Amino acid sequence: MDLTETEDEKSFRAEARQWLQANVPATPLPSFDTAEGFELHRQWEGLLFEAGWSAVSWPVEYGGRGADYLKWLIFEEEYWRSGAPGRVSQNGIFLLGPTIIEVGTEAQKARYLPAMASSREIWAQAWSEPDAGSDLASIRSKGRLSDDGTEWILDGQKTWASRAAWADWCFGIFRTDPESIRHRGLTFILIPLDTPGITVRPIAQLDGDAGFAEIFFDDVHVPVANTLGEPGKGWNVAMAAAGFERGVSLRSPARFNVAVDRLIELWKQVGDLDDDTMRDAVTDLWMQAEGYKLHTAMTVTKLLEGGHIGSESSLNKIFWSEMDVRAHELALQLLGPGAERTDGPYESWVDGFLFSLSGPIYAGTNEIQRNIIADRVLNLPRA
Amino acid sequence: MQFSFSSDQRDFAASLREMLTNEFTTKQLREIWDTGTGHDPALWARLSDMGVLSMMLPETDAGMGADFTDVILLLEELGRAAVPGPVFETMTVGALALHGTSFATGIADGSVAVTAALLGEANVPHAGMSDVVLLRDGDCVSAVERSALQLTSVCGLDGGRSLSTILRPTGLGTIVAIEWSEAIDAGALGAAAYLLGVSSRMLEIAGDYARERRQFGQPIGAFQAVKHLMADALLKVEFARPAIARAAWSMAVGDDDRSRDVSMAKVLVADAAVKAARSALQVHGAIGYTWECDLQLFMKKAWALIPAWGTTTFHRRRVSDAVLGVRV
Ligand SMILES: Cc1cc2nc3c(=O)[nH]c(=O)nc-3n(C[C@H](O)[C@H](O)[C@H](O)COP(=O)(O)OP(=O)(O)OC[C@H]3O[C@@H](n4cnc5c(N)ncnc54)[C@H](O)[C@@H]3O)c2cc1C
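Chains A and B are the protein sequences, given in the same order. Count along the first sequence from 1, then add 43; that gives the number in our numbering. Count along the second sequence from 1, then add 566; that gives the number in our numbering.
Rather than coming from a laboratory, the hints here were simulated on the basis of the structure. For clarity, every value in this text was computed on a predicted model and none was experimentally measured. Quick reminder that beta carbons are idealized off the backbone N, C-alpha and C, glycines included. Treat each hint with caution, since some may be false.
[Stated by the list, open to error] Computed Cβ-Cβ distance ranges for the label pairs, DEER-style:
#1 A:Gln-312 / B:Asp-705: 32 to 38 Å
#2 B:Val-819 / A:Arg-369: 30 to 36 Å
#3 B:Asp-822 / A:Ala-78: 48 to 54 Å
#4 B:Val-819 / A:Leu-397: 40 to 46 Å
#5 A:Ser-223 / B:Glu-778: 33 to 39 Å
#6 B:Glu-778 / A:Ala-180: 28 to 34 Å
#7 B:Asp-822 / A:Gln-61: 23 to 29 Å
#8 A:Leu-397 / B:Asp-823: 30 to 36 Å
#9 B:Gln-568 / A:Asp-174: 45 to 51 Å
#10 B:Ser-573 / A:Gly-240: 53 to 59 Å
#11 B:Glu-770 / A:Asp-174: 34 to 40 Å
Just chain A, with the same shape it has in the complex (with noise of 0.2 Å):
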């Protein structure tokens, strides 16, 4: 064990710390769930991908860094620190991207990983469906090979995808199997969201802006060469995808930190210094950032190992999202009626309330975690 950084590391952090502080945007972007934010977003992304910060423990050859996970947190750490924007190519960069670089034809990584680590293409994941949520293996979206083999031919619908709105990509799986039942038969495909016969629809989320879109899907042609892994094999290679980013990626700990950090000033400002019980809550909110930091670097150090995150991936995402919903829920405890106000100067304290409640649902619900956990972690007998 050694907690201390590493030469090699610290200077890696003094580095981002320095790009950060010079090119971070002075005030904040307007939300990316709209169409002027998305694009001012799609250029900070532009910026970073420039400077070599976008996608950081990719291999350099596609548009990354080459740096290990340690590292990534390291960044992750100085970029939220920095108070720089959310990241729009967050299901490209650190969902779909890694999977390519696992699972993916050479072919494909040298189409997909650039552009995808310089935001020219931003990509939105197509998996839910109207009848499909927590039971992601009943989707009925379906594809069928054209006649002369070259294309899927896709038709039905998918839900609640995030960024869809404006994204230029979208990753789905479809039944390509129509014999085939629950996880068998389905197929991972790339689908550029301009294809004909694709209508997306935005959809409000409860801030009012279109986080999420509809895409239906009718007689949409993509080339075969769009498979991601082998065909009837979607599940795997989506389930692969889904427990490095619940384990690691979809959450850093650093926004967290930074979150309790800002708590912790906002107590100060506006809270009742003799209330002993807010000064216990502020206190356990740092402790479960901390504990989650912690957590995700001992993770990370096993990775680094040669070990591999299982299942116990739901743990972490149970974790941070409930966390976050304590601290805004905290948040608005100490802004009291003036919580209510959602233009005002604690206008970001509402909008990540809102924003937290999402977070035990979207991902996987953390009921679903929790029945993970409790059959492949705990081994407790399946229902």
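Put chain B with the ligand on the given structure of chain A with help from the hints.
Chain B with the ligand in isolation, oriented as in the chain A frame:
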């Protein structure tokens, strides 16, 4: 940065687990409970032979010169087996307080057991069978031979801890080379690591039962209410684990934040232990409420250690003083 244990550290813990699984079953633990001494001299000798007790003593005292990162996995194993007697006390605060004294080699050869009464001299665990008791003298710690103290034994929940109230004649004891706050840090971290082991053992016992017990034609572990109860308990246990490891590192290197880190570890593991005990009992139903069920051996250990070496309030306040500034 490298946040993991070495293969030596893991191997030693694995061999300790193997020894305890084979040589110290719950049947044997119950026999110790029945003696009323809260101590197993044979097991103590075995731990001494394995070099477990002397880990944190310097080599000049026949120890291993190890630090906290070397012992927390061992402490966890001792907790998994609910090893009776002042085992984590002797290994951690005992070794740190008494190295270089005439007691040190006794710790190594198993002839000296050490307990501590640094947060009050009532209900002191293990005092009756220890050879040395560490007592508070202001900011300092004194070592007093048990034979010089007047003890009144009192009854306790956990048969692996015999309790006494100490009456201390004035002017007794030798000041030892550890400050009171440093001793609290060491003992609290020892307790935390041991309690982690107790907590995960309770979940193992509950898991075994949930796979085996059937109601409504299926194992109760297939019911979602049972699954979620246990998943939530596991969550707390698994998030206490890295906090304990970090505290061990902070203690090992003498980090400025070590007291904060130890307190954080103790708060998280105490919460985990509360949750694990409640959940494990609930999963068992009535059988869990019996003397006969082994779960009680671990629950009672947990309930004894949750407030020991500083209550959760004590430790949470230490964290908040460090993070939010001292309360005015
Ligand atoms: C902000 C946001 C962004 C999203 N982004 C995307 C995206 O980009 N791409 C995408 O594909 N999807 C996305 N989703 C969809 C998300 O993955 C689903 O909402 C989620 O999987 C749950 O499905 P559902 O909404 O249909 O709820 P349901 O599955 O209908 O669940 C409703 C309730 O029932 C509970 N429940 C269901 N089954 C069980 C069970 N077996 N045991 C216990 N409880 C159960 C759930 O936990 C939940 O509380 C997003 C959702 C949100 C809120």
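Evaluation of the provided hints:
A C-beta distance of roughly 36 Å is found between Gln-312 of chain A and Asp-705 of chain B, which places it inside the suggested range of 32 to 38 Å. Between Val-819 of chain B and Arg-369 of chain A the CB atoms are about 32 Å apart, so this pair conforms to the stated range of 30 to 36 Å. Checking the proposed 48 to 54 Å range against Asp-822 of chain B and Ala-78 of chain A shows it holds: the Cβ atoms sit about 50 Å from each other. Distance hint for Val-819 of chain B and Leu-397 of chain A: a CB-CB separation of about 42 Å, consistent with the stated range 40 to 46 Å.
At about 36 Å, the CB distance of Ser-223 of chain A to Glu-778 of chain B agrees with the hint of 33 to 39 Å. Restraint check, Glu-778 of chain B to Ala-180 of chain A: a C-beta distance of roughly 30 Å satisfies the suggested window 28 to 34 Å. Distance hint check for Asp-822 of chain B and Gln-61 of chain A: the Cβ-Cβ separation is about 26 Å, which falls inside the suggested range of 23 to 29 Å. At about 35 Å, the beta-carbon gap between Leu-397 of chain A and Asp-823 of chain B stays in the expected band of 30 to 36 Å.
Our hint of 45 to 51 Å for Gln-568 of chain B and Asp-174 of chain A holds, since their Cβ atoms are close to 47 Å apart. Range check, Ser-573 of chain B to Gly-240 of chain A: Cβ separation about 57 Å, and the 53 to 59 Å hint holds. Restraint check, Glu-770 of chain B to Asp-174 of chain A: a C-beta distance of roughly 39 Å satisfies the suggested window 34 to 40 Å.
The structure fails none of the hints (numbered hints given earlier).
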